[in-house]
Amino acid sequence: MHLIMVGMNHRTASVELRERVSIVEDDLASVYGQLRDLRTVYESVVLSTCNRTEIYTVVTTRESAEDYLLKYLARRAGLSEENIRAHTLTLQGEEVVRHLMKVSSGLDSMVVGETQILGQVRDAFSLAHEHGATGLILNQLFRTSIHLGKRAHTETTIGQNAVSVSYAAVQLARKVFGELTGRRVLVVGAGKMSQLTTQYLYEHGMTDVHVVNRSLTRAEALAQQFGGSAAPWSSLAGELTAADIVISSTSSKQVVLSRVMVEHAAQGRGTRPLLLIDIAVPRDIDPDAGSIRNVFLYDIDDLEGVVAANQAERLRQAALVESMIQDGLSSFVEWLAEQRVVPVIAAVRAHGEEIHERVMASLERKLPDLSERERKLIRKHAMSIVNQLLREPVQYMKERSGVSEGVDEVEWFADMFGVTEQANLQPVLGGLLESVTNTAHQRTERVTRATGLQPALR
Amino acid sequence: MGAMRASYDAFNLLYAVSLILFFIDIIHPRRFVNRTALVLLFGAFVLDTVFLFLRLRAYGHVPVYSRFDVLLVLSWLILLAALVLDAFFKVGLLVFFVNVVGYASVAFDLYRPNGNIHYPTHMADLLVVHISLAVVSYACFVFAFVASFMYLIQDWLLRAKRWNQWYFRLPALERLDTYAFRAVVLGVPTLLVAMVLGVIWGKVVLGRWVILDPKPLATFIVWLMYSVYLGFRLRSGWGGRALARFNMACAVAVFLNFVVVNVYSNFHHAF
Numbered sequence: 001m002h003l004i005m006v007g008m009n010h011r012t013a014s015v016e017l018r019e020r021v022s023i024v025e026d027d028l029a030s031v032y033g034q035l036r037d038l039r040t041v042y043e044s045v046v047l048s049t050c051n052r053t054e055i056y057t058v059v060t061t062r063e064s065a066e067d068y069l070l071k072y073l074a075r076r077a078g079l080s081e082e083n084i085r086a087h088t089l090t091l092q093g094e095e096v097v098r099h100l101m102k103v104s105s106g107l108d109s110m111v112v113g114e115t116q117i118l119g120q121v122r123d124a125f126s127l128a129h130e131h132g133a134t135g136l137i138l139n140q141l142f143r144t145s146i147h148l149g150k151r152a153h154t155e156t157t158i159g160q161n162a163v164s165v166s167y168a169a170v171q172l173a174r175k176v177f178g179e180l181t182g183r184r185v186l187v188v189g190a191g192k193m194s195q196l197t198t199q200y201l202y203e204h205g206m207t208d209v210h211v212v213n214r215s216l217t218r219a220e221a222l223a224q225q226f227g228g229s230a231a232p233w234s235s236l237a238g239e240l241t242a243a244d245i246v247i248s249s250t251s252s253k254q255v256v257l258s259r260v261m262v263e264h265a266a267q268g269r270g271t272r273p274l275l276l277i278d279i280a281v282p283r284d285i286d287p288d289a290g291s292i293r294n295v296f297l298y299d300i301d302d303l304e305g306v307v308a309a310n311q312a313e314r315l316r317q318a319a320l321v322e323s324m325i326q327d328g329l330s331s332f333v334e335w336l337a338e339q340r341v342v343p344v345i346a347a348v349r350a351h352g353e354e355i356h357e358r359v360m361a362s363l364e365r366k367l368p369d370l371s372e373r374e375r376k377l378i379r380k381h382a383m384s385i386v387n388q389l390l391r392e393p394v395q396y397m398k399e400r401s402g403v404s405e406g407v408d409e410v411e412w413f414a415d416m417f418g419v420t421e422q423a424n425l426q427p428v429l430g431g432l433l434e435s436v437t438n439t440a441h442q443r444t445e446r447v448t449r450a451t452g453l454q455p456a457l458r
Numbered sequence: 459m460g461a462m463r464a465s466y467d468a469f470n471l472l473y474a475v476s477l478i479l480f481f482i483d484i485i486h487p488r489r490f491v492n493r494t495a496l497v498l499l500f501g502a503f504v505l506d507t508v509f510l511f512l513r514l515r516a517y518g519h520v521p522v523y524s525r526f527d528v529l530l531v532l533s534w535l536i537l538l539a540a541l542v543l544d545a546f547f548k549v550g551l552l553v554f555f556v557n558v559v560g561y562a563s564v565a566f567d568l569y570r571p572n573g574n575i576h577y578p579t580h581m582a583d584l585l586v587v588h589i590s591l592a593v594v595s596y597a598c599f600v601f602a603f604v605a606s607f608m609y610l611i612q613d614w615l616l617r618a619k620r621w622n623q624w625y626f627r628l629p630a631l632e633r634l635d636t637y638a639f640r641a642v643v644l645g646v647p648t649l650l651v652a653m654v655l656g657v658i659w660g661k662v663v664l665g666r667w668v669i670l671d672p673k674p675l676a677t678f679i680v681w682l683m684y685s686v687y688l689g690f691r692l693r694s695g696w697g698g699r700a701l702a703r704f705n706m707a708c709a710v711a712v713f714l715n716f717v718v719v720n721v722y723s724n725f726h727h728a729f
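Note that the protein sequences, when read in sequence, are chains A and B. Going by the working numbering, the residue at position 273 of the first sequence is 273; the numbering climbs one at a time, nothing skipped. So the number in the working numbering is just where the residue sits in the second sequence, counting from 1, plus 458.
These aren't lab readings, by the way, just hints derived from the structure by calculation. One should not assume that every hint holds.
Claimed, not checked - Derived, one-sided and incomplete: chain A residues facing chain B with beta-carbon distance under 10 Å:
{"#": "1", "residue": "Lys150"}
{"#": "2", "residue": "His153"}
{"#": "3", "residue": "Gly159"}
{"#": "4", "residue": "Lys175"}
{"#": "5", "residue": "Glu179"}
{"#": "6", "residue": "Ser215"}
{"#": "7", "residue": "Thr217"}
{"#": "8", "residue": "Ala221"}
{"#": "9", "residue": "Pro273"}
{"#": "10", "residue": "Asp288"}
{"#": "11", "residue": "Trp335"}
As the list claims (entries may be wrong) - From chain B, some residues computed to sit far from chain A (all C-beta separations above 10 Å):
{"#": "12", "residue": "Gly501"}
{"#": "13", "residue": "Val504"}
{"#": "14", "residue": "Leu631"}
{"#": "15", "residue": "Thr636"}
{"#": "16", "residue": "Met683"}
Just so you know, even glycine gets a beta-carbon here, dropped at the ideal spot from N, CA and C.
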C-alpha cells in the first residue's frame with residue numbers, strides 16, 4: 001500500500017490552469033465515485049481551493065494510481081498528459097505527510113502563515129469523510145495535520161503579523177491600544193487608502209468611525225459604509241481631540257494637520273495617547289507632531305518598515321512551525337508502526353494467557369486438593385513466567401516497528417509465536433509503513449554510519 | 459539540613475538556568491527552549507516550595523523572620539503568580555522580567571542563607587500575618603515595576619520605530635499600563651493592612667505605638683507614593699510615560715525601604 005498525492009498548486013501552475021482543474025463541491029460525489037470504482041484506490045481526499053487542487057490517496061499500486069490521477073487532471077484541464085505533467089506535483093510516503101502538514105499550517109500558502117487554508121483542509125476532509133472516501137490512514141493523517149495546523153497558529157505568531165500597509169496600521173494601533181473595541185477612529189480624506197485601512201480597523205472592532213473630508217458628500221458616503229458619522233472640514237480640530245486613532249490620506253499638497261493643531265488636541269486628552277497614521281504622499285501631518293507627548297505618528301515609510309519586519313518575523317516563525325512538522329511526522333510514523341505491531345502484540349499476549357489457562361486447568365485436574373490460596377499463588381507465578389518471557393520480545397518488537405526492516409520482522413514475530421492468523425495481519429499496511437518510514441530509515445542509517453553507533457537491539 | 463541545602467541549591471540552579479533559557483528564547487525564539495525554560499521554572503517553584511516547607515518544619519513556624527526567608531517567600535510568590543498568569547493569559551515576556559527580579563531577590567542573599575533572627579516574643583499569628591501581607595504587597599509592586607519597565611521599553615520602541623523582536627513580543631501599551639495599575643491596586647490595600655497589623659503588634663508585644671520608628675514612617679511614605687500613583691492613574695484613565703516612571707520610582711522606594719531603612723529601625727534589624 002502506498003500514500004501518494006497528485007495535484008497542482010500556486011507554485012507549479014498558473015491561475016488559468018488551476019481554475020481549469022479545480023473541483024467544485026458539487027462535483028465531489030462523482031469524483032469520489034470514480035476513485036472508489038478504481039480497485040487500486042483505498043482512500044482519498046480531494047483538496048481544491050483557489051491556490052491548489054490536490055488529491056491525497058492510499059493506493060495499492062503507485063504507478064497505475066499516479067497515471068490515472070494525471071490522466072484525470074489532464075482530462076479536466078483539457079490538456080495532454082505530457083503537458084499537465086510539467087505542472088503537476090507528485091509526492092509519496094513521508095513527502096505526502098510533510099506536505100499536508102505544511103499546507104495545513106499555512107507554510108505552503110502564497111502568503112506564508114495565512115489561516116484560511118486550515119479551514120479549507122478541514123472542510124475537504126469532512127466532505128471526503130461524508131462521501132465515505134476516507135479510512136484508517138487518511139483519517140489519522142488529516143486529523144494529525146489539522147491539529148498541527150491549529151497548534152502552529154496558537155503556539156507561534158506566524159499568522160499574526162501584517163503583510164500589507166493597511167494592515168500594518170491596525171497592528172500599530174493594537175500595539176498602542178491593545179483591544180480596539182470602543183476606540184474612536186477619525187478618517188481624514190475619503191480616498192481608497194482611507195477606506196481600506198478603515199475597513200481593517202472596523203473588522204478589528206473599531207466601529208466608532210468619524211470621517212472628515214473637504215467634500216462632505218464623499219465623507220458621508222464613506223462614513224455610511226461603516227455606520228459612522230461625517231463632519232465638515234471646519235470641525236477637524238474638534239474631531240482630532242476626541243479621536244484615539246487618526247487615519248489621514250488626503251490629496252492635499254500642504255500639511256493638513258499642523259503641529260499646533262495636534263499639540264492643542266493632545267492637551268485636551270490628558271495622558272491618553274493619540275495615534276496618527278499618515279498614509280498620504282505628500283504627507284498630511286507635520287512630522288514634528290511625532291515629538292509631542294503621548295502622540296505616536298507614523299507615515300507610509302514607517303508602515304512599510306513594519307511590513308518588512310513582519311515578513312521577516314513570519315519567516316522566523318516558519319522555522320518554529322517546521323520543527324513542529326518534524327515532530328508531527330515522527331508521531332504519525334509511530335502511529336503507523338503501531339497499527340502494524342499492536343494487533344500482533346495483543347495476539348501474542350492472548351496466546352500466552354491461553355497457554356496459562358490451559359496449564360492451570362491441567363494442574364487443577366492433577367492436583368485437586370490444592371487450597372484456594374495455593375491455587376491463587378500458582379496462578380500468579382505461572383502468569384509471571386508468561387509475562388517475563390514475553391517482556392523482552394514485545395519490547396523489541398515495539399522498537400523495531402518504526403524501521404523499515406521491522407515491517408518484515410512483525411510477520412516473522414507473528415509466525416514465531418504462531419499467531420499470524422489471530423493477529424489478522426494486513427499486508428498492505430506493511431508497504432505503506434515502508435514507504436513512509438523509508439526516508440526516516442535512510443536518515444537513521446546515515447547517522448549510524450556517521451557516528452559509528454549501532455542500534456542497541458540489532 | 460542536607461535535604462534543605464540540596465533543595466535550595468537545586469532551586470537556585472534551576473531558576474538561573476531557566477532564566478538563561480528564557481533570555482535565549484527572546485533573542486532567538488525556539489519552541490523547545492521556551493518549553494524547557496518554563497518546565498525548569500516550574501521545577502524551581504516546586505523546589506522553592508519544598509525548601510520553604512523544610513524550613514517551616516525545622517523552625518516550627520512560618521519562615522518569615524529573616525531577610526533571607528522573606529526574600530525566599532517573595533520569590534515563591536513571584537514564581538507562583540507568574541506561572542498562574544502565564545497559564546491563563548499567556549503573558550510571555552512578563553514571566554521573564556518578573557522572574558529576573560524574583561531571582562535577583564534570591565541572589566541578593568545567596569551566600570547568607572542563615573541569620574534567622576528570633577524576636578523576643580513572636581506573638582506569632584499577628585507578626586506572621588503582618589510580614590506575609592507585606593511580602594504579598596512587595597510581590598504586587600514587583601509586578602507593577604516590571605509592567606511599567608516593559609511599558610517604557612515598548613513606548614521607546616514605538617517612538618524610535620524599532621520593529622525588532624522586543625517590539626513583537628512586548629504586549630500593547632494599554633495592556634502593560636493595566637497590568638501595572640491592577641498590581642498597585644492590589645498592593646496598596648495589602649500594604650495598608652500589613653502596616654496596621656504591624657503597629658498593633660508593636661502595641662501588644664512591645665507595649666507602645668511604634669509609629670515614629672524610621673521603618674513605619676518610610677513604609678507610610680512608600681504607601682503614600684503608591685496612593686498618589688493610583689490617584690493620577692484613576693483620574694486620567696491611562697498612565698503614560700510619566701506615571702510609568704513614577705511607578706518605577708515607587709518600587710525603588712520599596713527596595714530602599716527594605717534594604718536601607720531597616721538598618722536604622724529599632725525592631726526590623728532581622729530584615
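Hint check:
Using the Cβ-Cβ criterion of 10 Å, the hint placing Lys150/A at the interface with chain B is not satisfied: the shortest such distance is roughly 15 Å. At about 13 Å, the closest approach between the beta carbon of His153/A and any beta carbon in chain B exceeds 10 Å, and the interface hint on this residue is violated. Given hint, Gly159/A at the interface with chain B, is violated; its Cβ is 13 Å from that chain's nearest Cβ, farther than 10 Å. Proximity of Lys175/A to chain B holds as hinted, the smallest CB-CB distance being about 5 Å (cut-off 10 Å).
The beta carbon of Glu179/A is positioned within 10 Å of a beta carbon in chain B (closest approach about 8 Å), and the interface hint is therefore held. Hint on Ser215/A is violated. Least Cβ distance to chain B is approximately 33 Å, over the 10 Å limit. Using the Cβ-Cβ criterion of 10 Å, the hint placing Thr217/A at the interface with chain B is not satisfied: the shortest such distance is roughly 36 Å. Restraint check, Ala221/A versus chain B: the minimum CB separation of about 32 Å is more than 10 Å; hint violated.
Satisfaction of the interface hint for Pro273/A is found here, the shortest Cβ-Cβ separation to chain B being roughly 7 Å, below the 10 Å cut-off. Taken as an interface hint, Asp288/A does not check out: its beta carbon lies about 14 Å from the nearest beta carbon of chain B, beyond 10 Å. Because the smallest distance between the Cβ of Trp335/A and any Cβ of chain B comes to about 21 Å, over 10 Å, the interface hint for this residue is violated. The Cβ of Gly501/B sits about 21 Å from the closest Cβ of chain A, beyond the 10 Å cut-off, so the non-interface label holds.
Against chain A, the non-interface label of Val504/B holds: every CB pair exceeds 10 Å, the least being about 24 Å. For Leu631/B, the non-interface assignment is contradicted: its Cβ lies about 5 Å from the closest Cβ of chain A, within the 10 Å cut-off. Its closest Cβ contact with chain A, about 8 Å, brings Thr636/B to no more than 10 Å, contrary to its assignment away from the interface. Under the 10 Å C-beta cut-off, the non-interface status given to Met683/B relative to chain A holds; the minimum distance is some 18 Å.
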